[in-house]
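J.: These are the residues of each chain, in order.
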Amino acid sequence: MNATIARGADATAPLSRGAGADRFFELITAAAAWLVLLLLGATAVSMAWGGRLAFQTFGWRFITSSEWDAVGGHFGALVPIYGTLVTSAIALIIAVPVSIGIALFLTDIAPRWTRGPIAIAIELLAAIPSIIYGMWGLFVFAPFMAAHVEPWLIDHLGNKPIVGALFSGPPIGIGMLTAGIVLGIMVIPFVASVAREVFNAVPAPLRESAVALGATRWEILSRVTLPYTRSAIIGAIFLGLGRALGETMAVTFVLGNAHDLSVSLLMPSNSIAAAIANEFTEADTDLYRSSLIALAFLLFVVTLIVLSIAKLLLLRMNRQFGRTH
Amino acid sequence: MAVPVRRRAADITAFLFASAATAFGLLWLFWILWTTLKQGAAALTPELFTQMTPPPGTSGGLANALYGSAMMILLGVVVGAPVGVAAGTYLAEHGRHSRLAAVVSFLNDVLLSAPSIVIGLFVYELVVVTAGHFSGYAGALALAMILLPIVVRTTEESLRLVPDQMREAGFALGLPRWRVTSQIIYKAALSAILTGILLGIARIAGETAPLLFTALNNQFWSANLDGPLANLPVVIFQYAMSPYDEWHTLAWAGAFVLTTFVLILNLLVRLLARKGTYR
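In order, the protein sequence lines correspond to chains A and B.
First residue of the first sequence: 1, per this note's numbering; consecutive thereafter.
First residue of the second sequence: 1, per this note's numbering; consecutive thereafter.
Hints in this document: simulated from the structure, not taken from any laboratory.
Some hints here could point you the wrong way.
Stated by the list, open to error - Just a few of them, taken from the derived set where beta-carbon distance is under 8 Å, the chain B residues facing chain A:
| hint | residue |
| --- | --- |
| 1 | R8 |
| 2 | S19 |
| 3 | T22 |
| 4 | T35 |
| 5 | L91 |
| 6 | F106 |
| 7 | L111 |
| 8 | P149 |
| 9 | R177 |
| 10 | L212 |
| 11 | R270 |
Said to hold, decoys possible - Covered stretches of chain A, as calculated for chain B (at least 3 residues, CB under 8 Å):
| hint | region |
| --- | --- |
| 12 | 22 to 35 |
| 13 | 99 to 106 |
| 14 | 109 to 120 |
| 15 | 208 to 219 |
| 16 | 234 to 244 |
Just so you know, even glycine gets a beta-carbon here, dropped at the ideal spot from N, CA and C.
Hey, can you work out the whole structure from these sequences and the hints?
T.: Structural data, given as structure tokens:
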């Protein structure tokens, strides 16, 4: 009521008072937005600062040396870096075709009434906490790999030239292959949900034209849908890669925490995230702690770059579809 | 006119591949859930909720871990959710066309998928090193940092789904922008925003990596957030990695409780989202 009276007396007064509150509200929300930026920047800076001792001490040898000797104080991160890259590569090799298959199934093949429930079930894979993946991997999946899959791989691929080296060694279940597969399962829902969304967004006239020309479902996918959604699919793959690189707990359970560089995928290894999770609370010297934080810095920077590429590609797709956000 | 055999074969292969891929994806879900259900149901006892985490070789429960987790999640939401809603409001309303909003919106999505273990290390450097000891507060802060980008994203999306006509109607009544936002737009988007927060809770409930170096763990009952605090994910981690059978059983029981909680929240979110006016 006061506002109405005031407005009668002086037309500008309530407006300016409203503007003051408006200004305040905008400041609060803008500050919260700034905080998001600040946290991201502060995390990067804090990792760089925490890792400076390791970077100063070892220089480039930090990422080229595979020697990780806590007692002697020599830290080279080649093994965890290698393990991270290899497990993520295995994850993508599995997850990308499977995700595209799921997206195709959900947009073209499945009976309409089953699409919703199946899509939710696939998305629930992303909801299961990574520690559950880890426990299941350690107690169920690794023994399964050791008993059924790895002996077969060793017998059939272990003696072949070139690929043989990848599948040699004892079938112990714990190792890069098992970790890669578990990571792959975890990445599937992320890639599949983006792929399904963009497949659904392909303009109907494009698909209908292909159908009118007599194209089969496979030809529509390979010649219309995939070329049209290419940048978004690559974006989805990068998103999956970003997830796989930084995944910690599941990998920690099934990778074996070994600091030996081995070619064989069946051998235990380490990853950046797993090394930090396993060793940080035990790190008893400044150099040891700094080396682990330096690893976190590398991981953070690489995942930020990968995820930024993913986001850029997905944004491009959105613009192509003329969406506003 | 028949489609040539080769093209038809390619089509059938694609059909089979897509079906197999979906079956492959669902297989893991059911395998993991079945394992958790079977192992967890066998380990479920009333003592789980009344007794403390035991030393090796004796029986016990997870009461302290459940309490610690609940406290940290609660505090994480109290800290993270308002900031997230405010930032999301800026992105969708006040800063809609600003450069800051574009940058934040972009980087928020990056932060959304950033490795949570790095966030744990950041909070370690920021809080644990400064305070000189591990604490439940540090754990809650790490969880808040993980919750934040989720709430920012869902808030921004829910606000954008509110039709502009509602804003215009508010302005036409002479309402200042902040009242339009807080009294009209928030009301319209309320269920969607709450859904986003629930989704965030489901996510942080299972987060382990950021708690390893912040809340650490505590074998005993402790309601003191200013000291090391037991929590479900880290207990599961330690017990599962141990060589003791009793601890494995407890870890499975914990895994069962955690998975059930997270899945129910997720399904609830989907139910709410379907009911919501603007989804």
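J.: Compare the structure with each hint and give your call.
T.: Each hint tested on the structure:
no., hint, result
1, R8, "holds (7 Å)"
2, S19, "holds (6 Å)"
3, T22, "holds (4 Å)"
4, T35, "holds (5 Å)"
5, L91, "holds (6 Å)"
6, F106, "holds (6 Å)"
7, L111, "holds (5 Å)"
8, P149, "holds (7 Å)"
9, R177, "holds (5 Å)"
10, L212, "holds (6 Å)"
11, R270, "holds (6 Å)"
12, 22 to 35, "holds (count 12)"
13, 99 to 106, "holds (count 7)"
14, 109 to 120, "holds (count 4)"
15, 208 to 219, "holds (count 5)"
16, 234 to 244, "holds (count 3)"
Of the numbered hints stated above, none is contradicted by the structure.
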